[in-house]
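Protein chains: 2
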Amino acid sequence: MSGDAVRALTFDVFGTVVDWRTSIAREGVELGRAKGIDLDWHEFADDWRALYQPAMQRVRSGEIAWCKLDDLHRMNLDELLARHGVDGLTEAELDHLNRAWHRLDPWPDAIAGLTRLKQKFTVATLSNGNVSLLVNMAKRAALPWDAVLGAETAGAYKPQPAAYLKTAEMLGCAPEQCMMVAAHNGDLAAAAALGMRTAFVLRPSEYGPEQTTDLAPQGDWDIVAADFLELADKLDC
Amino acid sequence: MSGDAVRALTFDVFGTVVDWRTSIAREGVELGRAKGIDLDWHEFADDWRALYQPAMQRVRSGEIAWCKLDDLHRMNLDELLARHGVDGLTEAELDHLNRAWHRLDPWPDAIAGLTRLKQKFTVATLSNGNVSLLVNMAKRAALPWDAVLGAETAGAYKPQPAAYLKTAEMLGCAPEQCMMVAAHNGDLAAAAALGMRTAFVLRPSEYGPEQTTDLAPQGDWDIVAADFLELADKLDC
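Read top to bottom, the protein sequences are chains L and D. Sequential numbering of the first sequence, starting at 9, is according to our numbering. Sequential numbering of the second sequence, starting at 9, is according to our numbering.
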């Protein structure tokens, strides 16, 4: 498809644009070396990420009030460090570690792909990350977003419909004029149910070498691409 | 001041970053030529802008429900065209004219200044313009925003406190870590009252050669600058 009717591409970020697992493990290794903490930091990254959906679910369900992702990450970090018996980190060290999510590295094709896609489309985040996290990440990694939107600007966490619909609305688009780009079938299913177009990008090592999920498209997505460069090819960018 | 404690610069857009009067008049002249409409288009631009604050006030006061600026501009445009007895424009022509606000040209120093300021600070809009208006403007004019925020993302029109406070919060900043940059003393007064830092940039021809307002700072602003390049100098960028 040429994407002629599409005006904006909205991107999932964690896993789709950036490699959170390798980046978090890298930060953990540095901290561990400096502070003498001996952990499997890839496993630590996986465990931290595993607490992500349950924490957001507490917000979605109304069990706790709106809370930006930085704060949910911190609650989860505190729980995880306690589980591993890690104490003795200062507040500044904890805060720095928590902000490792602001310092995630993009997949190798991400910047070149976004730069091409941006010539033809509005490229915006549609992430559960809060705005400052995404802005700091973009400045560090030179991600060329036209707009940084998502859960915080919509007041709703994906896959709640408002996260998608308010983002499309802010971009001045009807849902069908937006294409959701994600490495996760569930994200695309939620977007498609609201009328958005969909592009599945394969990130088969997001969860490490043993990844078992999202290794193939599980829906009738408009585009399936190996990376952002193939996505740009398929959208005639 | 060196701005050491400041992390983000938040910009008023209409008048401060872009020259709305000349740009709207330019679009009017084009339309007038094509459609045989004989108006003073600078006066038309002034009249359209004069309806801006009263329209937002209807939202601020609760008289009408939340309405993005594109929609307020359109209500005002319809009123103004009726006042001048202009009819016969198609819906597509009216919509195109209304979106002239998406196609405003920056002041000559704006892009170079923002590019320098962006190296040291997060640069974000804090505008009453809606997100799609600001994104379209930025893409057309190559304004290098890190984030496009303001009334629509805060759900409040300046000078309501929430417009400033929610924007600062989304940028991960306390108010005192944000510097409001504006060509309008009233905007800076509202920001300063909330603890934000302030930079006044002179735009003495925003309202044309006969401008009588905002020709000088009327408060104890942290910085006064002739343009964005002098602002960058004063912030050691």
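The hints are simulated quantities; they were obtained by calculation from the structure and are not laboratory data. Some hints here could point you the wrong way.
The list makes no distinction among identical chains, and a pair is therefore deemed to hold if it is satisfied within one copy or across any two copies.
[Stated by the list, open to error] With a straight-line Cα cutoff of 27 angstroms, these simulated DSSO-like cross-link-like pairs (lysine-lysine) come out:
#	residue 1	residue 2
1	Lys126	Lys147
2	Lys43	Lys242
3	Lys76	Lys242
4	Lys76	Lys128
5	Lys242	Lys128
6	Lys43	Lys126
7	Lys128	Lys43
8	Lys126	Lys242
Hints, one by one, checked against the model:
1. Lys126 <-> Lys147: both (17 angstroms within a copy, 9 angstroms between copies)
2. Lys43 <-> Lys242: Close neither inside one copy (47 angstroms) nor across copies (40 angstroms); limit 27 angstroms.
3. Lys76 <-> Lys242: neither (35 angstroms within a copy, 34 angstroms between copies)
4. Lys76 <-> Lys128: Between copies only: 25 angstroms across chains, 31 angstroms inside a chain, cut-off 27 angstroms.
5. Lys242 <-> Lys128: within (12 angstroms within a copy, 37 angstroms between copies)
6. Lys43 <-> Lys126: neither (42 angstroms within a copy, 34 angstroms between copies)
7. Lys128 <-> Lys43: Result: close neither inside a copy nor across copies, 47 angstroms intra and 30 angstroms inter.
8. Lys126 <-> Lys242: For Lys126 and Lys242, only the intra-copy Cα distance (14 angstroms) is at most 27 angstroms; the inter-copy one is 33 angstroms.
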